[in-house]
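Colleague: Sequence:
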Amino acid sequence: MSALGSDGIDGGSDDTADANLIPMMQGMMKSLLSKDVLYPSLKDISAQVLKTYYTHQLKIYQLRY
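In case it helps, this note's numbering puts the sequence shown at residues -4 to 60.
Note that these hints are calculated values from the structure, not bench results. Values in this document were obtained by computation on a predicted structure and should not be read as measured data. Note that CB positions come from ideal geometry on N, CA and C, so glycine has one too. Treat the hints loosely; a few may be bogus.
Claimed, not checked - Computed list of lysine-lysine pairs in BS3-like fashion (alpha-carbon distance at most 30 Å, straight line):
{"hint": "1", "residue 1": "Lys54", "residue 2": "Lys38"}
{"hint": "2", "residue 1": "Lys54", "residue 2": "Lys30"}
{"hint": "3", "residue 1": "Lys38", "residue 2": "Lys25"}
To be verified - Per label pair, the in silico range of CB-to-CB distance:
{"hint": "4", "residue 1": "Met20", "residue 2": "Ile40", "range": "24 to 32 Å"}
{"hint": "5", "residue 1": "Arg59", "residue 2": "Val32", "range": "33 to 41 Å"}
{"hint": "6", "residue 1": "Gln57", "residue 2": "Asn15", "range": "38 to 46 Å"}
{"hint": "7", "residue 1": "Tyr34", "residue 2": "Arg59", "range": "27 to 35 Å"}
{"hint": "8", "residue 1": "Tyr60", "residue 2": "Pro18", "range": "31 to 39 Å"}
{"hint": "9", "residue 1": "Pro35", "residue 2": "Tyr60", "range": "31 to 39 Å"}
{"hint": "10", "residue 1": "Tyr60", "residue 2": "Asp13", "range": "50 to 58 Å"}
{"hint": "11", "residue 1": "Lys54", "residue 2": "Ala14", "range": "53 to 61 Å"}
Whenever a hint applies, use it, and build me the whole structure from the sequences.
Modeller: Written out as C-alpha coordinates, the structure is:
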(Lines of atoms letter the chains of each structure in order from A and count residues from 1; the text may use other names and numbers.)
(Lines give C-alpha, C1' and ligand atoms only; values in the text may rest on other atoms or scores of the structure.)
Protein backbone atom coordinates (compact mmCIF):
# COMPACT_ATOMS: atom_id res chain seq x y z
CA MET A 1 0.00 0.00 0.00
CA SER A 2 2.96 2.31 0.37
CA ALA A 3 2.86 2.95 -3.39
CA LEU A 4 -0.49 4.67 -2.92
CA GLY A 5 0.72 6.97 -0.19
CA SER A 6 2.53 7.01 3.10
CA ASP A 7 -0.52 7.66 5.23
CA GLY A 8 -3.68 5.59 5.54
CA ILE A 9 -7.27 6.65 5.95
CA ASP A 10 -6.71 7.46 9.61
CA GLY A 11 -3.46 9.28 8.89
CA GLY A 12 -1.37 6.43 10.27
CA SER A 13 1.29 4.34 8.60
CA ASP A 14 0.47 1.58 6.12
CA ASP A 15 3.25 -0.71 7.38
CA THR A 16 0.79 -2.83 9.37
CA ALA A 17 -1.63 -3.02 6.44
CA ASP A 18 1.23 -4.07 4.12
CA ALA A 19 2.37 -6.70 6.61
CA ASN A 20 -1.14 -8.18 6.77
CA LEU A 21 -2.00 -7.78 3.09
CA ILE A 22 1.00 -9.55 1.57
CA PRO A 23 0.53 -12.92 3.32
CA MET A 24 -3.20 -12.79 2.58
CA MET A 25 -2.53 -12.12 -1.13
CA GLN A 26 0.09 -14.90 -1.23
CA GLY A 27 -2.39 -17.35 0.27
CA MET A 28 -5.09 -16.27 -2.18
CA MET A 29 -2.78 -16.66 -5.20
CA LYS A 30 -1.56 -20.03 -3.95
CA SER A 31 -5.13 -21.31 -3.67
CA LEU A 32 -6.10 -19.90 -7.09
CA LEU A 33 -3.09 -21.56 -8.71
CA SER A 34 -3.67 -24.92 -7.05
CA LYS A 35 -4.35 -28.03 -9.11
CA ASP A 36 -7.85 -28.36 -7.67
CA VAL A 37 -8.87 -25.03 -9.18
CA LEU A 38 -6.89 -24.96 -12.43
CA TYR A 39 -6.98 -28.60 -13.55
CA PRO A 40 -10.67 -28.88 -14.56
CA SER A 41 -10.51 -25.70 -16.64
CA LEU A 42 -7.23 -26.65 -18.29
CA LYS A 43 -8.58 -30.12 -19.04
CA ASP A 44 -11.65 -28.62 -20.75
CA ILE A 45 -9.56 -26.16 -22.73
CA SER A 46 -7.20 -28.94 -23.81
CA ALA A 47 -10.11 -31.07 -24.99
CA GLN A 48 -11.59 -28.17 -26.95
CA VAL A 49 -8.26 -27.36 -28.61
CA LEU A 50 -7.76 -30.98 -29.62
CA LYS A 51 -11.31 -31.22 -30.97
CA THR A 52 -10.82 -28.04 -32.99
CA TYR A 53 -7.45 -29.25 -34.25
CA TYR A 54 -8.83 -32.58 -35.41
CA THR A 55 -11.85 -30.90 -36.99
CA HIS A 56 -9.67 -28.49 -38.99
CA GLN A 57 -6.61 -30.70 -39.45
CA LEU A 58 -6.78 -30.69 -43.25
CA LYS A 59 -7.13 -26.90 -43.40
CA ILE A 60 -4.20 -26.47 -41.02
CA TYR A 61 -2.08 -28.82 -43.11
CA GLN A 62 -2.95 -26.97 -46.32
CA LEU A 63 -2.09 -23.61 -44.77
CA ARG A 64 1.28 -24.84 -43.57
CA TYR A 65 2.39 -26.47 -46.84
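Colleague: Confirm or reject each hint.
Modeller: Hints, one by one, checked against the model:
About 25 Å separates the Cα atoms of Lys54 and Lys38, which keeps this hinted pair within 30 Å; it holds. For a cut-off of 30 Å, the pair hint linking Lys54 to Lys30 is broken: about 34 Å separates their Cα positions. Taking the CA atoms of Lys38 and Lys25, the gap is near 19 Å; set against the 30 Å cutoff, the hint holds. About 26 Å separates the C-beta atoms of Met20 and Ile40, a value consistent with the hinted range of 24 to 32 Å.
The hinted range of 33 to 41 Å is satisfied by Arg59 and Val32, whose Cβ atoms lie roughly 35 Å apart. Hint check: Gln57 to Asn15, Cβ distance near 58 Å, so the stated range 38 to 46 Å is violated. Between Tyr34 and Arg59 the beta carbon distance is about 31 Å. The supplied range of 27 to 35 Å therefore holds. Take Tyr60 and Pro18: their Cβ atoms lie about 54 Å apart, and the range 31 to 39 Å is violated.
Checked against the given bound of 31 to 39 Å, the beta carbons of Pro35 and Tyr60, roughly 36 Å apart, stay inside it. The beta-carbon spacing between Tyr60 and Asp13, approximately 56 Å, falls within the hinted interval of 50 to 58 Å. Against the hinted window of 53 to 61 Å, the Cβ-Cβ separation of Lys54 and Ala14 comes to about 56 Å, which satisfies the hint.
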